[in-house]
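Protein chains in written order, with our numbering: chain A, 509 to 734; chain B, 298 to 460.
Among the hints, erroneous ones may be present.
[Claimed, not checked] Below, simulated SDA-like cross-link-like pairs (lysine to any residue); rule was C-alpha separation at most 25 Å, straight line:
#1 Lys696(A) <-> Trp391(B)
#2 Lys303(B) <-> Lys361(B)
#3 Lys456(B) <-> Asp363(B)
#4 Lys303(B) <-> Arg533(A)
#5 Lys302(B) <-> Val384(B)
#6 Lys361(B) <-> Ile676(A)
#7 Lys303(B) <-> His396(B)
#8 Lys303(B) <-> Leu397(B)
#9 Lys361(B) <-> Lys670(A)
#10 Lys343(B) <-> Leu516(A)
#11 Lys696(A) <-> Ser351(B)
#12 Lys387(B) <-> Thr404(B)
#13 Lys303(B) <-> Leu654(A)
#14 Lys696(A) <-> Lys343(B)
#15 Lys387(B) <-> Met452(B)
#16 Lys361(B) <-> Leu684(A)
#17 Lys696(A) <-> Lys361(B)
#18 Lys302(B) <-> Ile380(B)
#19 Lys361(B) <-> Arg533(A)
#20 Lys302(B) <-> Leu654(A)
#21 Lys670(A) <-> Leu654(A)
#22 Lys302(B) <-> Ser441(B)
#23 Lys553(A) <-> Thr701(A)
#24 Lys387(B) <-> Leu397(B)
#25 Lys343(B) <-> Val635(A)
Hints are computed from structural coordinates only; laboratory data are not their basis.
Each chain, letter by letter, is given below.
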Amino acid sequence: MSAIGQCLAAFLFGSVVGLLVQRSRFCNTAALRDAMLFRTYRNTKALLVCMMILTLGFTAFITVGEGHTMHFDVGVNQVLGLFLFGIGMVLAGACTVSTWVKAGEGNVGAIWALLFTFIGMFLFSLVWSYMYWPPAPASMDHAPHLEALQLGYANAATLQAKTGIPAIFFGLIQFLALYGIYRAILRKEARMTGEREQSAATSTSPASVPATSKPSPAQTPAQQTT
Amino acid sequence: MELFKKTLDPVIALSVIALLDIFLFLVVGAWTVGGGETMMTGLIAKLFMGDQLSRIPFWDIVFKPDATYWKIYISLGMLFGAIVGAVLSKEFYWRVPRHLSEWIMITVGGLLMGIGIRLAFVCNVSTFFGLTPEMNLGGYLSISGIIAGAWVGSMIYKKVLEA
Numbered sequence: 509m510s511a512i513g514q515c516l517a518a519f520l521f522g523s524v525v526g527l528l529v530q531r532s533r534f535c536n537t538a539a540l541r542d543a544m545l546f547r548t549y550r551n552t553k554a555l556l557v558c559m560m561i562l563t564l565g566f567t568a569f570i571t572v573g574e575g576h577t578m579h580f581d582v583g584v585n586q587v588l589g590l591f592l593f594g595i596g597m598v599l600a601g602a603c604t605v606s607t608w609v610k611a612g613e614g615n616v617g618a619i620w621a622l623l624f625t626f627i628g629m630f631l632f633s634l635v636w637s638y639m640y641w642p643p644a645p646a647s648m649d650h651a652p653h654l655e656a657l658q659l660g661y662a663n664a665a666t667l668q669a670k671t672g673i674p675a676i677f678f679g680l681i682q683f684l685a686l687y688g689i690y691r692a693i694l695r696k697e698a699r700m701t702g703e704r705e706q707s708a709a710t711s712t713s714p715a716s717v718p719a720t721s722k723p724s725p726a727q728t729p730a731q732q733t734t
Numbered sequence: 298m299e300l301f302k303k304t305l306d307p308v309i310a311l312s313v314i315a316l317l318d319i320f321l322f323l324v325v326g327a328w329t330v331g332g333g334e335t336m337m338t339g340l341i342a343k344l345f346m347g348d349q350l351s352r353i354p355f356w357d358i359v360f361k362p363d364a365t366y367w368k369i370y371i372s373l374g375m376l377f378g379a380i381v382g383a384v385l386s387k388e389f390y391w392r393v394p395r396h397l398s399e400w401i402m403i404t405v406g407g408l409l410m411g412i413g414i415r416l417a418f419v420c421n422v423s424t425f426f427g428l429t430p431e432m433n434l435g436g437y438l439s440i441s442g443i444i445a446g447a448w449v450g451s452m453i454y455k456k457v458l459e460a
């Protein structure tokens, strides 16, 4: 595909994503933060369903040698980088998707976060130019280099090549693992709903009304943030 | 139109996005945002610095500024789609953070996101919607990092909320 065709496909994809994320209020930050802080899972469930579909779709096409997988070696820098990113996205209240989407809704804070993401990237480009770590993708050879804290390159395609087992088989295992987490969340939500209903039934007794009619402090910010 | 009158179920929205992401994976590559943002940073820096930028090795070896880099247009598309969605549903209005603490958190958060993306070579989107569904080892490393980071960030956020 020509460079213009790639840019056009990317823009069309991004436009539909921006529209759907804006209309659904999906937020990747909330998917992690709300599950950890407020025990609410609206975004977490959507994230898991998306990952389940993608796992089956990607590994099915990888099985027949189709698709453009991400090609670069990985290592400790992924853990460290995403650790910093994870702190940053919760503090900023938005991830890479929601900064663009919230900016499109007129959120000046999101525009400010984007500006400082760019500044952070430029600052790290200066640091990289001094220490040359993590290694540039062009210099990677897909083999582990422990002295550089690099583990090499491995994905569903390399698993298929090494074991002779179709990539979709490994995809199915990952799908089931994600589905297990999804089911556990549904069970937890059902249990929490049951507890709330039980608590509401108890609160019909006049003596307990004042104590139970207030929302829990932990629930209120979650409702505001979704 | 119903889509612009009430909030869409995120499970439906993300299911549609997953199908589109599979299509994008087939034609050019899975959904990603960090790479496009890095290229935008390079292009903006080039506007200010001109050819001097190529004296910084990162912008000569890793990311040579190129306006035809397809990943840039995913981000611009998301901005465009969000503006369309917000305007048609009458949800577009300027929202400005009111407290100094919010400005500080957003500034520090933005910087950490930028540094984190470049250190890891991936963002949250590549982690959840690209690398991990491809069963790339980097996806699992990134997920461990982002969960630990989100937990630390949540503890800081909780302290700020309580304050």
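Cross-check of the supplied hints:
A distance of roughly 38 Å separates the Cα atoms of Lys696(A) and Trp391(B); the hinted pair therefore is violated under the 25 Å criterion. For the hint pairing Lys303(B) with Lys361(B), the CA-to-CA distance comes to about 43 Å; that exceeds 25 Å, so the pair is violated. Pair hint Lys456(B) plus Asp363(B) does not hold up; C-alpha atoms about 42 Å apart against a cutoff of 25 Å. A C-alpha spacing of about 11 Å is found between Lys303(B) and Arg533(A), which places the hinted pair at or below 25 Å, so the restraint holds.
For the hint linking Lys302(B) to Val384(B), the alpha-carbon distance of about 12 Å falls within 25 Å, and the restraint holds. For the suggested pair Lys361(B) and Ile676(A), the alpha carbons sit about 36 Å apart, so the restraint of at most 25 Å is broken. With a C-alpha separation of about 30 Å, the suggested pairing of Lys303(B) with His396(B) is violated against the 25 Å cut-off. Distance hint between Lys303(B) and Leu397(B) is unfulfilled; the C-alpha atoms sit about 33 Å from each other, more than 25 Å.
Straight-line distance between C-alpha atoms of Lys361(B) and Lys670(A) comes to about 34 Å, which puts the hinted pair past the 25 Å bound. Only pairs whose Cα atoms come within 25 Å are accepted, and Lys343(B) paired with Leu516(A) is accepted, the gap being roughly 24 Å. At roughly 54 Å between alpha-carbon atoms, Lys696(A) and Ser351(B) are farther apart than 25 Å, so this suggested pair is violated. Restraint check for Lys387(B) and Thr404(B): not satisfied, since their Cα atoms lie roughly 28 Å apart, outside the 25 Å limit.
Taking the CA atoms of Lys303(B) and Leu654(A), the gap is about 52 Å. The hint is violated against a cut of 25 Å. This hinted pair does not check out: Lys696(A) and Lys343(B) have alpha carbons roughly 51 Å apart, beyond 25 Å. Of the pairs offered as hints, the one joining Lys387(B) and Met452(B) is violated, with about 35 Å between alpha carbons and a cut-off of 25 Å exceeded. Between Lys361(B) and Leu684(A) the CA atoms are separated by roughly 41 Å; this puts the pair beyond 25 Å, and the hint is violated.
The straight-line distance between the Cα atoms of Lys696(A) and Lys361(B) is roughly 48 Å, outside the 25 Å bound, and the hint therefore fails. Between Lys302(B) and Ile380(B), the direct Cα distance comes to roughly 15 Å. Compliance with the 25 Å bound is thereby established for this hinted pair. For the proposed pair Lys361(B) and Arg533(A), the alpha carbon gap of about 35 Å is over 25 Å, so the pair is violated. The straight-line distance between the Cα atoms of Lys302(B) and Leu654(A) is roughly 54 Å, outside the 25 Å bound, and the hint therefore fails.
Straight-line distance between C-alpha atoms of Lys670(A) and Leu654(A) comes to about 21 Å, which keeps the hinted pair within the 25 Å bound. The suggested pairing of Lys302(B) with Ser441(B) is violated, with an alpha-carbon distance near 38 Å, which exceeds 25 Å. With a C-alpha separation of about 16 Å, the suggested pairing of Lys553(A) with Thr701(A) holds against the 25 Å cut-off. At roughly 28 Å between alpha-carbon atoms, Lys387(B) and Leu397(B) are farther apart than 25 Å, so this suggested pair is violated.
Restraint check: the Cα-Cα separation between Lys343(B) and Val635(A) comes to about 18 Å, which is no more than 25 Å; the hinted pair holds.
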